[in-house]
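With the sequences and hints as input, model every part of the structure.
Read off the chains here:
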Amino acid sequence: MSFDIDLTLRRGNRTIAARIASHARLVALFGPSGAGKTSVLDMVAGLVRPDAGRIAVGGALLFDSAQAVNLPPERRACGYVFQDLRLFPHRSVAQNLRYGERLAPPERRFMGLDEVAGFLGIGHLLDRRPRSLSGGEAQRVAIGRALLAGPRFLLLDEPVSSLDAARREEILAVIARIRDELGLPILYVTHDERELARLGAEVVAIGG
Amino acid sequence: MSFDIDLTLRRGNRTIAARIASHARLVALFGPSGAGKTSVLDMVAGLVRPDAGRIAVGGALLFDSAQAVNLPPERRACGYVFQDLRLFPHRSVAQNLRYGERLAPPERRFMGLDEVAGFLGIGHLLDRRPRSLSGGEAQRVAIGRALLAGPRFLLLDEPVSSLDAARREEILAVIARIRDELGLPILYVTHDERELARLGAEVVAIGG
Amino acid sequence: MLTAGEWQIVALSLKVSAVAVGLTLPLAFALAWVLARARLPGKVLLDAAVHLPLVVPPVVTGWLLLLAFGANGPIGGWLERVLGVTVLFRWTGAALASAVMALPLMVRAIRLSLEAVDPRLEAAARTLGAGPWRAFATITLPLALPGVLAGLVLGFARSLGEFGATITFVSNIPGETQTLPLAIYAALQMPGGESTVARLAGISVLLSLVALVASEMLARRSGKGAHVL
Amino acid sequence: MLTAGEWQIVALSLKVSAVAVGLTLPLAFALAWVLARARLPGKVLLDAAVHLPLVVPPVVTGWLLLLAFGANGPIGGWLERVLGVTVLFRWTGAALASAVMALPLMVRAIRLSLEAVDPRLEAAARTLGAGPWRAFATITLPLALPGVLAGLVLGFARSLGEFGATITFVSNIPGETQTLPLAIYAALQMPGGESTVARLAGISVLLSLVALVASEMLARRSGKGAHVL
Amino acid sequence: PAPFTPAARADASRAPVVLAAASLQESLGAAADAWARHGHPRPVISFAASSALARQVEAGAPADLFVSADEAWMDYLAQRRLVRPETRLALLTNRLVLVAPAGSPVRLSIGPRMALGAALGSGRLAVADPDSVPAGRYAREALTRLGAWPQVARRLARGENVRAALALVARGEAPLGIVYATDARAEPRVRVVGTFPPASHAPISYPLARLARSANPEGEAFRRYLLSPEARALFRRFGFGTR
Ligand SMILES: Nc1ncnc2c1ncn2[C@@H]1O[C@H](COP(=O)(O)OP(=O)(O)OP(=O)(O)O)[C@@H](O)[C@H]1O
Ligand SMILES: Nc1ncnc2c1ncn2[C@@H]1O[C@H](COP(=O)(O)OP(=O)(O)OP(=O)(O)O)[C@@H](O)[C@H]1O
Ligand code: MOO
Ligand SMILES: [Mg+2]
Ligand SMILES: [Mg+2]
Chain A
84 MSFDIDLTLR RGNRTIAARI ASHARLVALF GPSGAGKTSV LDMVAGLVRP
134 DAGRIAVGGA LLFDSAQAVN LPPERRACGY VFQDLRLFPH RSVAQNLRYG
184 ERLAPPERRF MGLDEVAGFL GIGHLLDRRP RSLSGGEAQR VAIGRALLAG
234 PRFLLLDEPV SSLDAARREE ILAVIARIRD ELGLPILYVT HDERELARLG
284 AEVVAIGG
Chain B
84 MSFDIDLTLR RGNRTIAARI ASHARLVALF GPSGAGKTSV LDMVAGLVRP
134 DAGRIAVGGA LLFDSAQAVN LPPERRACGY VFQDLRLFPH RSVAQNLRYG
184 ERLAPPERRF MGLDEVAGFL GIGHLLDRRP RSLSGGEAQR VAIGRALLAG
234 PRFLLLDEPV SSLDAARREE ILAVIARIRD ELGLPILYVT HDERELARLG
284 AEVVAIGG
Chain C
624 MLTAGEWQIV ALSLKVSAVA VGLTLPLAFA LAWVLARARL PGKVLLDAAV
674 HLPLVVPPVV TGWLLLLAFG ANGPIGGWLE RVLGVTVLFR WTGAALASAV
724 MALPLMVRAI RLSLEAVDPR LEAAARTLGA GPWRAFATIT LPLALPGVLA
774 GLVLGFARSL GEFGATITFV SNIPGETQTL PLAIYAALQM PGGESTVARL
824 AGISVLLSLV ALVASEMLAR RSGKGAHVL
Chain D
624 MLTAGEWQIV ALSLKVSAVA VGLTLPLAFA LAWVLARARL PGKVLLDAAV
674 HLPLVVPPVV TGWLLLLAFG ANGPIGGWLE RVLGVTVLFR WTGAALASAV
724 MALPLMVRAI RLSLEAVDPR LEAAARTLGA GPWRAFATIT LPLALPGVLA
774 GLVLGFARSL GEFGATITFV SNIPGETQTL PLAIYAALQM PGGESTVARL
824 AGISVLLSLV ALVASEMLAR RSGKGAHVL
Chain E
8 PAPFTPAARA DASRAPVVLA AASLQESLGA AADAWARHGH PRPVISFAAS
58 SALARQVEAG APADLFVSAD EAWMDYLAQR RLVRPETRLA LLTNRLVLVA
108 PAGSPVRLSI GPRMALGAAL GSGRLAVADP DSVPAGRYAR EALTRLGAWP
158 QVARRLARGE NVRAALALVA RGEAPLGIVY ATDARAEPRV RVVGTFPPAS
208 HAPISYPLAR LARSANPEGE AFRRYLLSPE ARALFRRFGF GTR
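Chains as they are written, first to last, in the working numbering: chain A, 84 to 291; chain B, 84 to 291; chain C, 624 to 852; chain D, 624 to 852; chain E, 8 to 250.
Everything labelled a hint here was simulated from the structure, so no lab data went into it.
Using N, Cα and C, we set each Cβ at its ideal position, and we do this for glycine too.
Residues on chain E that point at chain D, a partial pick, calculated with CB under 8 Å:
#1 Ala-59
#2 Arg-170
#3 Glu-194
From the derived model, a few chain A residues whose C-beta atoms are all more than 10 Å from chain B:
#4 Leu-92
#5 Thr-98
#6 Ser-175
#7 Asp-263
#8 Arg-281
Okay, the calculated bits of chain C under chain D, using three or more residues with CB under 8 Å as the criterion:
#9 682-691
#10 723-732
#11 761-774
#12 805-815
#13 830-839
Given below as structure tokens:
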């Protein structure tokens, strides 16, 4: 199974619950704003600890409250594009892109900096600091950083929300290729049904 | 004229130029990521000074390099929803919403906190700090804050990019109403043609 | 527990430190702001001037204060002639000495926090109708609060411990300028004074502990969360 | 310009201050980190302990160091027995005294900067494969650089000006423990020593100016830009 | 330099280490220079407050001689068997004087019922702190015996040491001050108004002793030199009395 997820988390005075059991390579989380989509990705990434449950992705067990399994984020290898991007402000774009690449074992890397910079259209930005990037430029750098880290699966939180149609299509094509050719499981958050259609995603509703 | 804008700005090694002369109430800036849309809004808001040009909105002259006119931001009264939101982290949601409202002269206010919280669906978040909001929740608070400041015109930088379809439609309806009933000029940035269609916007291409 | 004389010393120390820190705060803030934000030539010299009381031994600072604020000094003479005021041998002089010694610590702490405030938030406040001053007061200032509190604590602690500049400038006058450190020093000079030293030093520590706890509580109440969304 | 003896004093002061600040930095950083991030009971007491050298008059700090590091003291006795080393009357003792006095300033500055680092950036580094230590070294540490630099400058300046603890702890031994402030004090004791005082104080100020400029340049080179996008 | 090697320690110990009250800075420094001119290693002298020096001795600091500003701190060390009793003696004596700024017209004869309070006008009397500094203690004792203490007890400017008090008078910030004769003599900006009768206070003496842990023969040699006619003459040039 690509995703075998069952978890609950109390946030403020509501409970976020998610059940995803799917063989689909690309599962989209769909739900209204504030439903808990980002929270689910944070839990899968290992940044937020669920109150209870179990998380397995691509056959690897990442978390299980019953068995007291809880891999730290760096051992989950998750290629996370954050909704709030989180580029490192003290590093150039190139250094941001290379941050995870240098830490990944060579056999896990599947793309080089040039290829990434090419389809993301960020080759001319490599020497810049994140602060001076436009919204869409920063979003593309965040995508590149996650892909270059040689992840075992991807967590994409509205990864193309700030991009124009042409660029969006190009990036979605790459994401589809990563799914199909490399077989990486992908959890995808979006509010745009056209993206879902384009990717042929299996849709899981969160909250409501 | 709603918008009479003609300006240029050097950014890094490129020049951003925009000419907008339109009677339309709602003008959409359309262009690829990094084209300079946000930069244009920043100049209209008075946050970035153009190298040269002229900015008049709704008949009021805000900037003219030839006449050495350059109103400070607080006298332009512009209802700006930032692409990066910029909620005040040390203030609750309610205090964020009220920040501009308390500074606006009563005759310019056209909406109350309750109405805004209602159609934005943020009434339950009023006591929270911005840091704990989800992406879409924060975006809605930013919209509310701009509307409550009793602006003379609106600058909306991808204001509904993180919102689900239902909520998006509701907010776009309010924006259309503000344009039609109050006659506020609106500069609108988006990558989504459906939003443009929904709002019947006049489209101005930026950069490319 | 404490003798009446010791209580008097404690009260005086508190008064001197509180006045020193309270009056220095606006100046420290202004200096921090200039150093963090303003572009002006020779800023490094201003920065260096602020650090002076840290670099120069306290007794030299006290001596320079004496030269400046003594009855025959340029400032002291003017104060006496024009306002009929003298700070020499007065608790106000002790507060002045403490203030000078605390200044660099306060400026640095506040400056660090000011530099960490995101100017984009001030820009947002401006678009919402706030003039530069209001944006400063409602956005910059509260976001720099951790630095202001740290500056207050450092300054207060430094004032409580200030010895060299005070005794050199305003000498050691019981009831007027004899703060805790001066009393401690006197006790330390005498064979067998160790128990008095320990008791008075313990009080100093207690006072600073109270200031520390108060500042932590204030910081917590203000919600910290200085991060930008 | 300076006599040979004065050069020796300057060199000694530089050595003492540099060693004091250099060796204290890791400890100051660790303490700042614990105070900024760790959850542990009685943190306020640790915080207060760090502030002690600020609150207690320097001569008392020197006296306590003497008690601890003297030949009969708990630490000094051990050092002497086990390592055959003593810091009494040695420049190493002067460095120790300076380090203790500089510690609270360094801790506060570093802590302020650490508290301003957005933990979400560390989380991002973790997802990219960095363990906690690497995330700390590559993200937290460089983002806290303004505080580290401020701490270094404050600590260095404080060390250059340290007098009371040093003379009480390691005495005033020319060539070994007589740093600039002690030499200045000696000159101040001599009628007519004002010109020596002025010259030596000028050198102190110059040294700290150099440190200041160096730190500003480092800060600029590292690009500041500590704001989160 | 490798300060911790035993060789370096042994080498450094050739010059004796002398701990001396700060007020002896000029005179004892001159004596050390003279001694060095005789071909001896110049003694290393640490000038600081007697209290600090005594505590350092108690803590085991490696030194050879101690010259205290008063008997109390020497007694303190003697009680703890940290000095060699047979080497202790009063090296120097001093007198207490009333000083005024050089240009001051004030006249006052020191004796019973002296009008010290009136002479001060609205100013303060600069003294070393009577609660902690020897010079101040002598001043209080003398004024008390002469009946002038009640007039000035609440009008003192207490300096951290006698030189601080002297500076206040020299700067004209205090109209009168009480200092040692040696200090007054070294400061041209003050004038001696009068000298306190020796009977009005305990004898002012600077005791010298060799420390118990001193192993350096140069220490004893320098101690003997300090008692020599040559050294005595030198100290007298600075205004001290000798025995
Ligand atoms: N510290 C907190 N305290 C209280 N509630 C919180 C806290 N953090 C998050 N929440 C709430 O948890 C809910 C889920 O947040 P999450 O970010 O997962 O939503 P989301 O589905 O990603 O929404 P969006 O589409 O708007 O990004 C939100 O309602 C949010 O307000
Ligand atoms: N300080 C700077 N130095 C160099 N280039 C800059 C700087 N600030 C902005 N730019 C560039 O100016 C261009 C315009 O930026 P702007 O934010 O206006 O784009 P945008 O049209 O809003 O893009 P997006 O749709 O991605 O938000 C971008 O290419 C950006 O990289
Ligand atoms: O040596 Mo003293 O302490 O000035 O009397
Ligand atoms: Mg989200
Ligand atoms: Mg933009």
